[in-house]
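Based on the provided sequences and hints, a complete structural model is requested.
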Amino acid sequence: MNRIISWIMGTFFRWLPHRAVTGLRPSGRPDADSPVLVTGNYSLTLRRLLAAIRGEDAWVLSADSGGINVWCAACGGGFTHLQVISAVKVSRLAEKVSHRVLVLPALAAPGVDAREVKEHTGFSVRFGPVRAGDIPAFLAAGRKKTPAMRHADFSLSHRLDMLLSMNFILWLPLALVFGIFFPHAFWGVTALFWGVAAVSYVLFPWLPGRTGYLRMLWIMGGVALLLGLAGAQWGSGPLAFWPWMIGGAAITTLVFFDAAGIVAPMASDAEALAFALGIKSLPGLLAEKPLGRVSQDPDLCIGCGLCLDICPLAVFEKPLEGKKPVTVRPGACFSCGACVLQCPSGALSLAGKAARPGG
Amino acid sequence: MFSYLYMKILESSPERYDRGISMASLGAADRSRERMVKDLGPDDRVADLGTGTGALAFLAAEKGATVTGLDASAGMLAVAERKRAAHPAGDRVRFVQASVGQMDEVLETGACTAVVSSLLFSELSPDERSYALSQAFRTLVPGGRLVISDETLPVGFFRRLVYRAVRLVMVLVSFLLVQAGTRPVTGLPEMVVQEGFTVERVEILNRMGSFFILFARKPETP
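So the sequences go chain by chain: C and X. Start counting the first sequence at 5; every next residue gets the next number (this note's numbering). Start counting the second sequence at 470; every next residue gets the next number (this note's numbering).
Calculated directly from the structure, the hints in this document are not laboratory data. The structure displayed is predicted, hence computed values, not measured ones. Virtual Cβ for every residue (Gly too), placed ideally from N, Cα, C. You may find that some hints are simply not true.
To be verified - To list a few chain X residues with every Cβ distance to chain C over 12 Å, as calculated: (1) R500; (2) R502; (3) P511; (4) A524; (5) T535; (6) E550; (7) K552; (8) A554; (9) P557; (10) L593; (11) L622; (12) F627; (13) R629; (14) L641; (15) R670; (16) R686.
Said to hold, decoys possible - Computed cross-link-like contacts, EDC-like style, restricted to lysine to aspartate or glutamate with a CA-CA straight-line distance of at most 20 Å: (17) C/K122 / X/D573; (18) C/K149 / C/D138; (19) C/K122 / C/D37; (20) C/K100 / C/E60; (21) C/K122 / C/D157; (22) X/K507 / X/E531; (23) C/K122 / X/D512; (24) C/K100 / X/E664; (25) X/K532 / X/D512.
Now the structure itself:
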């Protein structure tokens, strides 16, 4: 029953939190030397992690992220070192393993301060791969990451995974309104909605435009063009289906409300919009933070390379052996703040005065 | 990243928490608090685990006890602090933001004569329950009291059926109105014994048999 609910929540209602029981779980037959993999308690995350490491002997420690996925919760302040410290102590992990190393998802780096974890629990933190599927290879390679394991690539399969789960909850109210009040338009609106959503999510990386909202205009134009052609062919003229053109624009706006923040390594348009409207922090909802891109103080940098190890967008690069990492692609930064939090020498900051869409 | 916002909107609102709990438990939570603090007096040093908005902590302070209220939620404690400023016994209460995992940092060994907790254990994972009990044991003086109230599954098929039916309605209604609710905890007396306590009695507060207070004690001699 729990599995079915978890599947329904993970498939159709991914915008809603769904909690799994926190605590230490064995995968395979772990012993005192087995690796400890830490994650949140979003039921889908836990299910996928356990599936990805089937066959590995490891401990899985689920900390309380409020039933929200690791990346969102880490960026939003719901998955921090406090939850990890609590999970380590409460599970009495120190009595169960002989080593003192935790492997955390790389995407927990914006929230979990590794130094705090070490200070309060004695466990040091290694940030592992971005995707759970890479964990077996990561462990087999002696806990070393390939560059591909570090990057959130927002591939086609990721975008298709998001297509249903992110848009179902947007479609649902539309379906209710049209199903009850305008049943004759129900199937048309449904087809238009899912058509727009599918094309947008698949084509997103190739649409020109600096921000998600600019890219939206191409889809809007495309929908209007197709409806115009259809009107000229089968109707009384190019504007024969004008109500559908307006509906198409509205649906496209709905689909693109936060598309950039969901299917691309880009800053969230919706977050930037909220900031631009003056909503910079909502008590308990949005933490006020600079939305500028990362900048580096070369004098403070000690060349440890941690930033390069945890950046999901390959903003940093280590040019030569022994040299300091440098910011090579500042434009790729989308202000998650992971490197800023983890940098042991305080050399990094998000230099941002005001939020700009796409900034 | 922004979807975080949508998720957080569904979290319970501290301002409406007390009312929600009172509703979801059909008043049993309110009745239980009075009984829990009955034996407390001016000599008692009390820790209230999962103090929330401080309802139980203030009742204990009215008996003259000095109270430390712990809660993980900053929102809940903000409401508790507002109440404290206006409460006549408010100067005997202090609130500390701490989760179960931070009990070892907040509560000193042997610092308390009583540990009380209302509707916290049902919110905790099995690991957290056993950890919280072991920390309560550590912070209590020998002979110190442990008083826990919570919701449980009634004994007997018919009662359980009635309980589940009533609960379904109450939880739905209270969630819709105030985004707060309660859920049952089972096997707590056994766990309390396992951590070294002696269970003195378990009182059932409602006819359905779903709301209990557990009175236990840390043995005088180890």
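Structure-based check of all given hints:
With a least beta-carbon separation of about 29 Å from chain C, X/R500 lies farther than 12 Å from that chain, consistent with its non-interface assignment. With a minimum CB-CB distance of about 26 Å to chain C, X/R502 clears the 12 Å threshold, and the non-interface call stands. With a minimum CB-CB distance of about 34 Å to chain C, X/P511 clears the 12 Å threshold, and the non-interface call stands. Distance check for X/A524 against chain C: the nearest CB is about 21 Å away, which clears 12 Å, and the non-interface claim stands.
Listed as outside the interface, X/T535 is consistent with that label: its C-beta sits roughly 26 Å from the nearest C-beta of chain C, beyond the 12 Å cut-off. Consistency note on X/E550: stated as away from chain C, and its beta-carbon is indeed over 12 Å from all of that chain's, at 15 Å minimum. Every C-beta of chain C lies more than 12 Å from that of X/K552, the closest at about 18 Å, which supports listing it as non-interface. The claim that X/A554 is not at the interface with chain C holds, since no C-beta of that chain comes within 12 Å of its own (minimum 19 Å).
Against chain C, the non-interface label of X/P557 holds: every CB pair exceeds 12 Å, the least being about 29 Å. Residue-level check failed: X/L593 sits 9 Å from the nearest beta carbon of chain C, not beyond 12 Å. For X/L622, the shortest C-beta to C-beta distance to chain C comes to about 16 Å, beyond the 12 Å cut-off, and the non-interface label holds. Residue placement check: X/F627 keeps its beta carbon more than 12 Å from all beta carbons of chain C (closest about 22 Å).
Residue-level check passed: X/R629 sits 17 Å from the nearest beta carbon of chain C, beyond 12 Å. Distance check on X/L641: its Cβ is at least 16 Å (rounded) from any Cβ of chain C, clearing the 12 Å threshold; non-interface status holds. Separation of X/R670 from chain C is adequate, the least Cβ-Cβ distance of about 28 Å exceeding the 12 Å criterion. Annotated as non-interface, X/R686 keeps its C-beta farther than 12 Å from every C-beta of chain C; the closest such distance is 24 Å.
Between the alpha carbons of C/K122 and X/D573 the distance comes to roughly 16 Å, so the proposed pair stays at or under 20 Å and holds. Simply put, C/K149 and C/D138 have alpha-carbon atoms about 9 Å apart, close enough for the 20 Å limit, and the pair holds. Restraint check for C/K122 and C/D37: satisfied, since their Cα atoms lie roughly 19 Å apart, inside the 20 Å limit. With a C-alpha separation of about 17 Å, the suggested pair C/K100 and C/E60 falls inside the 20 Å cut-off, and the hint holds.
Between C/K122 and C/D157 the alpha-carbon distance is near 30 Å, which puts this suggested pair outside the 20 Å criterion. Distance check on the hinted pair: X/K507 and X/E531 sit about 11 Å apart at the alpha-carbon level, within 20 Å; holds. Distance check on the hinted pair: C/K122 and X/D512 sit about 39 Å apart at the alpha-carbon level, beyond 20 Å; violated. Note on C/K100 and X/E664: the hinted pairing holds, with a Cα-Cα distance of about 18 Å set against a maximum of 20 Å.
Of the supplied pair hints, the one linking X/K532 and X/D512 holds, its CA atoms being roughly 10 Å apart against a limit of 20 Å.
Taken one by one, the earlier hints fail for this structure at numbers 10, 21, 23, listed in ascending order.
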